[in-house]
Structures are given as C-alpha cells and as structure tokens.
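Trainee: Each chain, letter by letter, is given below.
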Amino acid sequence: MRYAAPTTIDEARALLASDADAIVFAGATDVVPQMRAGRPEPSMVIDLKKIDRLMSVSLDGDTWQVGAAAPSSALTSNAAFAADFPGLTEAAGLIGSDQIQNRSSLGGNLCNASPAADSVPALVVNDAVAVIAGADGERRVPVADVVTGPGQTSLAHDEIVVCFELARPAGGTSDAYLRLIPRTEMDIAVVGAGVRISLDGDGVVSAASVALGAVAPTVVRVPAAEAALVGSSLDDAALAAAAAAASDACNPIDDKRGTINYRRQVAGVLTRRAAGIAADRIRTRNGQNGAS
Amino acid sequence: MSRTHVNCEVNGDAVDFLTEDGESLLNALRDELGLIGAKEGCGTGDCGACSVIMDGRLQCACLIFAPEADGAAITTCEGLASADELHPLQQCFLEGAALQCGICTPGFLIAAKALLDENPDPTETEVRYALAGNLCRCTGYDKIVRSVLEAAVQIRTPA
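Here the protein sequences come in this chain order: C and A. Heads up, the first sequence is in the working numbering, so the first residue is 512 and it goes up one at a time. Heads up, the second sequence is in the working numbering, so the first residue is 22 and it goes up one at a time.
Simulated from the structure, these hints should not be mistaken for lab results. From the three backbone atoms N, C-alpha and C, an ideal C-beta is built for every residue, glycine too. Where hints are given, some of them may not hold.
[Said to hold, decoys possible] Derived list of chain C stretches under chain A, where covered just means 3 residues or more per stretch with a C-beta under 8 Å from a C-beta of chain A:
id, region
1, 513 to 519
2, 531 to 540
3, 602 to 614
4, 778 to 792
Start from the sequences and build out the full structure, keeping to the hints where you can.
Mentor: Quick look at the structure:
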C-alpha cells in the first residue's frame, strides 16, 4: 500500500483518477478499523489533511465554509461556529473520544455512509451543501443527497468532498441534536434526531426541519413532523403530532442496539425533546439580546 | 509495499526512520524507535492505550499512518519525565495507586497531560470526559481520576 499526501485538490483528484483502488481519508477513524476487520487494503491511501481548503473552518460573508477534513475538535473549539450551530457542534462533539475528535471529520462521517452517523442529521436540518470537486470542476449537492445507502454514496470514484457550506441562521433560528446510546460516551447511536426551529416574534414556529439517523438505510427527513410544528407554539399537541410523525417515518432494523419498536418510539421522543431544546436556545438568545 | 523516509520530532529529539507506508505510527514508535510505552490494545481507536500527542493534539497512534508523522512533533509517555524527576502525573499515579497491570497507564498519562495542558484546573466531571477514550480493566478508574486531580493541584502550585 502506498501513502500519498497531496497539497492541492487537483493533485488529490489526479491521484484518485490514476488508481481505481485508491481511497481518500482524513482521520482514518473508520478506514483503519475497517481494514483491521478484514476490508481489503487499498493500493493507495490519499491523506487529505495537507490540503488547506479541506482543513479550514471560516466565515465567508454569511456562509460558513467547513473543510471536509477538518477535525471535529476544530468545530467544538470554535465559539462563533458553535453559537451559530449548537446542534451540529453537539453532533460533531458526540463522535468518539477526544482522541477521535482530533482526527474525525464531517467529510469522513458523511462519506463513510453509516446510517448512524451523528453529524449527518444535524447537517441536513441546517440545509448544508457539500461542495464536491470532480473532473468538471465543482458541484454543489445537498448533504441529504450524498449518501445513497449503507456504505454507498453518489460520488464518482475521482470526486472529493471539499467542504460544507452552511448559511448562517437568521435571527430566531436554532438547532439541536440528540442521540440515544445506552451509556454516557463512546457509543454508536441507537437513534439520532436533528431539529432546526425558527420562531417568529410571537413565539410561533415559522419554519422547522427534522431529520433522523440510525432508523433507516439513510438519514430520514420528516416533512410531516415539520408540518406539525410549523404554525404552532410548540404546545403539547403539536409536539405529540411531530413525535408521532417521526416514529411513523422510521424504517429501522432490529439489532443488538435496539428493536424496531424501540427505535420508533425513541425517534419520537428525541424529536420532541430536540425541538424543545432548539426553541429554548432561541428564547435564551432573544432574552440576552433584549437585556443588552 | 511502498516505503517512506519520515523525519519528525519525538519527545524533543529529531528522529528519522524508514517505514512501510501502511504501517501505523504506533508500530513505528515501538519497532523503529524503541519507544514501547504506547501500547496496542484494540488497534481500532477505542481503548486509548496508544495515545500520543501529535502537533498539540491527543490522538490514537494506531489510527495514524506512520508517514503522516513526517514533519510532526510527537510526545509519548517517555517524554513526560525530566532527567531525574518524574512528571507530577507519573508521581501522583504512583502514590495514588492509579495502576495495577499498567498496560493502559501510558495512554492515561498522555491523555491526562493533554487535558491539563488545555485546562489546568479541571472538575472531576471534566477529567472523566477527557479520559473517556482510555479504557482500564483493573482500577475502576476512580484512583486514576483522583490522581489526575491531585497532579493538577501540584502543577498549579509547585512546591
């Protein structure tokens, strides 16, 4: 096996195009365990961490650009990013230990294409766009359209996710991500729920996004739950309707982490709670603004 | 199998070694440089026994391809003590009986050092979260956590 560390996207793409068996990696936190578990060794591993644009996290006007290979810790330690996307930051910060978060990346979490990837529901509810470099230049794809099934993506072999674009949320908008695991740390989601809420000046929900992880082959967006929340004041009836819609949207597997019925039920509970947390964040922020 | 010549800094010393490209940094440290403090527990980034600090960030050496270390600065547990004095973490681990079999200890020491470098006055909860990536099958963790808290006090207020 050969190791390559290109410093430009073009160089990385040329290496990929030259070798049908080559793979790219950032933290290798999934690639190495998969090889230890018997995945055939690729002929070449292409390290993306020497390419500046893939490692940077920056605010360009009203759009955050998050390098696809930037470690999770670059997000959790960025107070301005965390203030704009507390839910996405939480999701990134839930993946593994400090040792892992210093290597794991949003690009890797997406392209590994695990149904249980924590950051993906949080990216989806924030309408994140993946910038993908390929033979014909760059294309922009909603994150929800990148993963097509467990371990499968819509990327061509010689395409690389460069970064994610996230529009700064307008005032009165915030997000939250919750996952259930049977312990406090260091586990894989039984269910994950990302919610983004916008409240108008009267505390009525003007927009909502709900996405679930680990309950289907890919992340599930739940328009029926979103519709149940919009126009409400997050009263019990609206939250119950959103929870029921989330449970109905699940198409989970039975495995050692949880049964189908358990996952369905938990998806509803987490959706309801995450909506409440996102709304509380908006109210807290508005309260602070009012006081200042 | 391709080979790469790696130049890096380990525990303050400039070193170089030749490695197979697919080799882990953990194996290179142990087999090429003779630094056998970092251990292989799981080999998949779950147990933390191979923890090192590379370019200021705590990482599992089993997940790092050895050629990634080219140009990097690495700290292993061998770099903690000065010539004739143990690091306060090591001394507190000894006095607090924070180890039994000792396999996990180098990883805990490095993870604790990474924590205290960032946060010299952690709460017990912060210590427990910071050490969540390190597994110990002997101690039940309590003495490790107490020893890290005690070392933090000693580092903040040198005798």
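Trainee: Run every hint past the structure and note whether it holds.
Mentor: Now the hints, each set against the structure:
Evaluation of the coverage hint for the region 513 to 519 of chain C: fulfilled, as 3 residues show C-beta separations to chain A shorter than 8 Å, against a requirement of three. Coverage of a stretch by a chain is defined here by at least three residues with a beta carbon nearer than 8 Å to that chain's beta carbons; for the region 531 to 540 of chain C and chain A the count is 3, and the condition holds. For the region 602 to 614 of chain C, the assignment as covered by chain A holds, since 7 residues bring a beta-carbon within under 8 Å of that chain's beta-carbons and 3 suffice. Note: the region 778 to 792 of chain C has 0 residues with beta-carbon separation from chain A under 8 Å; the three-residue rule is not met and the coverage is violated.
Taken one by one, the earlier hints fail for this structure only at number 4.
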